Amino acid sequence: MNIYRLTGVAVGIFVGLIICAVLFRFANTNKKLKSEYDERQRAIRNLAYKYAFYTVMFYEVLMLVLGIGNVQIPAPAYAIHFFGIILGCTVLGVYCVWKDVYWGMNNDRKRYIMVFAVAIALNLIPVIASIMGGSFITDGQVNMPVINFMVLMMLFALFVTFILKHIVDKRENET
Amino acid sequence: MKNLRMKSARAAKDMSQEELAKICNVSRQTINAVEKGDYNPTINLCIAICKALDKTLDEIFWIQ
Chain E
1 MNIYRLTGVA
11 VGIFVGLIIC
21 AVLFRFANTN
31 KKLKSEYDER
41 QRAIRNLAYK
51 YAFYTVMFYE
61 VLMLVLGIGN
71 VQIPAPAYAI
81 HFFGIILGCT
91 VLGVYCVWKD
101 VYWGMNNDRK
111 RYIMVFAVAI
121 ALNLIPVIAS
131 IMGGSFITDG
141 QVNMPVINFM
151 VLMMLFALFV
161 TFILKHIVDK
171 RENET
Chain R
176 MKNLRMKSAR
186 AAKDMSQEEL
196 AKICNVSRQT
206 INAVEKGDYN
216 PTINLCIAIC
226 KALDKTLDEI
236 FWIQ
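The listed protein sequences correspond, in order, to chains E and R.
Residue 53 in my numbering is what sits at position 53 of the first sequence, and the numbering runs on without skipping anything.
Residue 201 in my numbering is what sits at position 26 of the second sequence, and the numbering runs on without skipping anything.
By construction, these hints were calculated from the structure, which means they are not laboratory data.
Check the hints yourself; a few may be wrong.
[Claimed, not checked] Examples of chain R residues toward chain E, derived with CB under 7 Å:
no.: 1; residue: Q192
no.: 2; residue: Q204
no.: 3; residue: T205
no.: 4; residue: Y214
no.: 5; residue: N215
The structure displayed is predicted, hence computed values, not measured ones.
Idealized CB from N, CA, C, for every residue including glycine.
So that you can see chain E by itself, here it is in the shape it has in the complex (with noise of 0.2 Å):
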């Protein structure tokens, strides 16, 4: 066990959660912390919860079978629970933006587009530098960079699913 690791990444998980607290009461325009819903989105929200949790169970029990299996993943534990996690919030978040449930009652958008610019950026400037450094993977394995990258897969995935809801909801107002 390496104890400073683990207080770095304990501290870091710390910072990161001071940082998203501040960015979302910035982000809500009555300055609180959590964004607020309507009924039917509150309705949507519980579904994408229960589909989200479903998601993360399937996925570890899969885990659970390989590892069982002694199948080897060519990535770290943190990185394979980190994926199930993503994969969760990803899950939620597309069934929430295509139900129409993108923006809560006391969003700001414009703050909010800027919170989701400065959350890509911060992800993408890992993940450049180790490609540009050439430590993205060593020795077949990938490295901590990897979750950077899992983030912007889901933002990415958000972005698309948000663009093919605008296209389907174009067409449907047309017709």
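Given chain E, put chain R in place with the hints provided.
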């Protein structure tokens, strides 16, 4: 089933979905979903919509 009576009542008051949503304290997408028949609102939202459109529950939501 589409709620055309709600849509026409809103149009008669020259109100956009966004404006009605603001009065009822819900999102525009929720008003759109109610009008399209994709979402069955709770009685509280039905009352809020009726009050905003100066109509009764029967006039807007009763199915013949």
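Going down the list of hints, with the structure as the test:
Checking Q192 of chain R against chain E: minimum C-beta separation of about 11 Å lies over 7 Å; hint violated. Checking Q204 of chain R against chain E by beta carbon gives a least distance of about 4 Å; that is within 7 Å, so the hint holds. Using the Cβ-Cβ criterion of 7 Å, the hint placing T205 of chain R at the interface with chain E is satisfied: the shortest such distance is roughly 4 Å. With its C-beta approaching chain E no nearer than about 5 Å, Y214 of chain R sits inside the 7 Å limit, and its interface hint holds.
Restraint check, N215 of chain R versus chain E: the minimum CB separation of about 9 Å is more than 7 Å; hint violated.
Violated hints for the displayed structure, listed by number in ascending order: 1 and 5.
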